[in-house]
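K.L.:
What follows is the residue order along each chain.
There are 2 protein chains.
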Amino acid sequence: MIYLDNSATTKPCEAALLAMRGALETDWFNPSAAYGPAVRAEKKMTQARRALLEAAGAQSAELTFTGSGSEADSLAIVGSAERFHGARRVLIFGGEHPAVLNTREQLERLGHTVETFPARRDGVADLEKLAAALDENVGLVSCMQVNNETGAVQPVGEIARLIREKCPGALFHVDGVQGFLRVPLAFDQSGIDLYTCSGHKIHGPKGIGALIARKGVRLNPRIEGGGQEKGLRSGTENTAGIAGFAAAAQWLAAQPKRFETLRAAKLRLYARLRAEIPELRVNGPDPESGVAAPHILNLSLGVRGEVMLHALEAEGVYVGNGSACSTHKREMSAAFRAMNAGRQAAETAVRFSLGMMNTIEEMDAAADAVIRCYKTYAAFQRR
Amino acid sequence: MIYLDNSATTKPCEAALLAMRGALETDWFNPSAAYGPAVRAEKKMTQARRALLEAAGAQSAELTFTGSGSEADSLAIVGSAERFHGARRVLIFGGEHPAVLNTREQLERLGHTVETFPARRDGVADLEKLAAALDENVGLVSCMQVNNETGAVQPVGEIARLIREKCPGALFHVDGVQGFLRVPLAFDQSGIDLYTCSGHKIHGPKGIGALIARKGVRLNPRIEGGGQEKGLRSGTENTAGIAGFAAAAQWLAAQPKRFETLRAAKLRLYARLRAEIPELRVNGPDPESGVAAPHILNLSLGVRGEVMLHALEAEGVYVGNGSACSTHKREMSAAFRAMNAGRQAAETAVRFSLGMMNTIEEMDAAADAVIRCYKTYAAFQRR
Chain L
7 MIYLDNSATT KPCEAALLAM RGALETDWFN PSAAYGPAVR AEKKMTQARR ALLEAAGAQS
67 AELTFTGSGS EADSLAIVGS AERFHGARRV LIFGGEHPAV LNTREQLERL GHTVETFPAR
127 RDGVADLEKL AAALDENVGL VSCMQVNNET GAVQPVGEIA RLIREKCPGA LFHVDGVQGF
187 LRVPLAFDQS GIDLYTCSGH KIHGPKGIGA LIARKGVRLN PRIEGGGQEK GLRSGTENTA
247 GIAGFAAAAQ WLAAQPKRFE TLRAAKLRLY ARLRAEIPEL RVNGPDPESG VAAPHILNLS
307 LGVRGEVMLH ALEAEGVYVG NGSACSTHKR EMSAAFRAMN AGRQAAETAV RFSLGMMNTI
367 EEMDAAADAV IRCYKTYAAF QRR
Chain A
7 MIYLDNSATT KPCEAALLAM RGALETDWFN PSAAYGPAVR AEKKMTQARR ALLEAAGAQS
67 AELTFTGSGS EADSLAIVGS AERFHGARRV LIFGGEHPAV LNTREQLERL GHTVETFPAR
127 RDGVADLEKL AAALDENVGL VSCMQVNNET GAVQPVGEIA RLIREKCPGA LFHVDGVQGF
187 LRVPLAFDQS GIDLYTCSGH KIHGPKGIGA LIARKGVRLN PRIEGGGQEK GLRSGTENTA
247 GIAGFAAAAQ WLAAQPKRFE TLRAAKLRLY ARLRAEIPEL RVNGPDPESG VAAPHILNLS
307 LGVRGEVMLH ALEAEGVYVG NGSACSTHKR EMSAAFRAMN AGRQAAETAV RFSLGMMNTI
367 EEMDAAADAV IRCYKTYAAF QRR
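In the order they appear, the protein sequences are chains L and A. Sequential numbering from 7 applies to the first sequence in the numbering used here. Sequential numbering from 7 applies to the second sequence in the numbering used here.
Just so you know, the hints here were simulated from the structure itself, not pulled from any lab data. Bear in mind that the values here come from a model prediction, so they are computed numbers and not experimental data. Any given hint might turn out to be false.
As the list makes no split between identical chains, a pair holds if one copy fits it or if it spans any two.
Using 20 Å as the maximum straight-line C-alpha spacing, the simulated SDA-like pairs for lysine to any residue come out as follows [stated by the list, open to error]:
| # | residue 1 | residue 2 |
| --- | --- | --- |
| 1 | 381 | 316 |
| 2 | 50 | 194 |
| 3 | 17 | 312 |
| 4 | 236 | 337 |
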């Protein structure tokens, strides 16, 4: 099996499995209890929190564990908007994941106004349009670190500077689910106020996410109760998920060449396909450019995406058809709408997303399979 | 180690560990993806959902997985209250867990009025007071199945009948976190509309809960996004947590004598302590009565709760000091306030909560340890 759908989810790494086993079989106590084994479970959670903050370059910040990246997005956006004084404007990048885009209804119910800003043709947020929209009434800007469909790396540093200049009171939220540890981040120096990440996209388990927040950012909890996570997210802590998430982050962080390794593999696959498939079109930024994430390659190959996906499955190669979240849906995805790509591009798009377990040899085998499928189905379509 | 704090959390059973291992090591794909291994992961999730519905006698109902019991409570209460037409009254049992009690602020922000109804001296909800409060303006009643501190089994059948009689349009939510599979339940025949349960209280993993809802009950999601769980709870599904939760439920459900086994063990412990500790007072219902849950025994033993807890820890016996959620807090807990117990009772309360891994022999050893600690510290206090 060659698995190239790592932006949908990743295989848990050995370090994550081992850490989870420890949490489930030995340190399974309730971290809120007062006796020794429970205090030890709480300490392990504190260590995991510190490890994740360190991996994000966020030693000065605070981290709240949630049940998913989507929940962390909700805590960041709705949780901060509930604390705004009066009605504010919220600016959201049009290419966001639905976990961010679909907070609109809750924001509007709170009396705020939600506006989106578009992408350029390469999937990168249009800074001119954003700059023109920023003013003192903006309470929050949300822009993802890496687009989940196109791999376009968003200019979060530039956006932070624009916010500082034009609306210094506004908060800046970044959904880092597809970027965390695959694109460099120094949270403490970034100008970001709120940063979402998720365990299962970095070879950790599903069911665990986190929101990193600059100290002093005021949030309302989405889930009330026993007051865990300093009152920001009640419910007995998912100690196994937390342990697995932190172990995976440490495993990735210990591989400083990971950016280059992922990028080299992606470019190998791209070069092979470009040489053999004349109809190939890139969706998103030029894969060789600096605004292309090292691990995501979205290509239209002249064959319907679903057809290619299933043909490749028969060859033992697993790829994504747009974002995993929208596989079961018919409408064009947010990223394709935001960069104003045509329906043709969207319908023939295939997403190759790499993880830390892929090898360069797999890229050659995957390219062979894609080219074979292309030749079969493109010829068939032309008849 | 004799672990008697199973209402705080339980040790995961072998069946749960095995199921989680399968989900993490083999079926780790994203259930939303379109290829074979992902479809298999989705099927396993469907099987787990059915197993849990069956364990609750809820074959006609729907089940939404959440990240915790607290989140399921929030989905049930805030999620339904957002759909009410106009301002309504919400009646909440005063002895509820904070996950239910603390939804008050969100309900009030929605324009609803929140009122609580008290317990009798034995910790059971006062039905006369509730009946007097019910009228056509009530939109929701929430009453737990088993109190987490006293083990008082609440009259949910009676409450369902009162609602049908006095305000048939109102929804009835039951937090079953402490009752699920330890007190009989036939959801489909119960008159309950919404039922919360949690994995880690039944020897499953932490970080997974569920809301069971009668078909036709309309809810808003708390967490928006990719539309998982029929749009009621977005975020990639916690497939390992789900598998472990269902496996634990099946393991419990396969032990039909579990109610009697737990009760016999609890009564053995109670009889030994009552015979030897003259100052013993029961907090909650008479442990021998039908309104006492089989697995929870809350006693005031004339020694401060924290002192007893740590003295017992030194003997290898782990017990709870009130509810695990309030260990770090100083104020009197909800259950003690609701039944109007004195401060003295609250300060000297120790909660013994049993799980499916406890044996009757452990009860004798635990009783010996409690009696030894009592003799040491009660004598010390009297000096």
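K.L.:
Against this structure, judge whether each hint is valid.
P.N.:
Results for each hint:
When the C-alpha separation of residue 381 and residue 316 is checked against a cutoff of 20 Å, the pair qualifies only within one copy, where the shortest distance is 15 Å, while the shortest distance between copies is 72 Å. In this assembly of identical chains, residue 50 and residue 194 lie within 20 Å of each other by CA distance neither inside one copy nor across copies; the values are 24 Å within and 41 Å between. Taking the shortest Cα distances, residue 17 and residue 312 never come within 20 Å of each other, neither inside one copy (23 Å) nor across copies (44 Å). In the homo-oligomer, the alpha carbons of residue 236 and residue 337 lie at most 20 Å apart only across protomers (17 Å), although the nearest pairing inside one protomer, at 40 Å, exceeds that limit.
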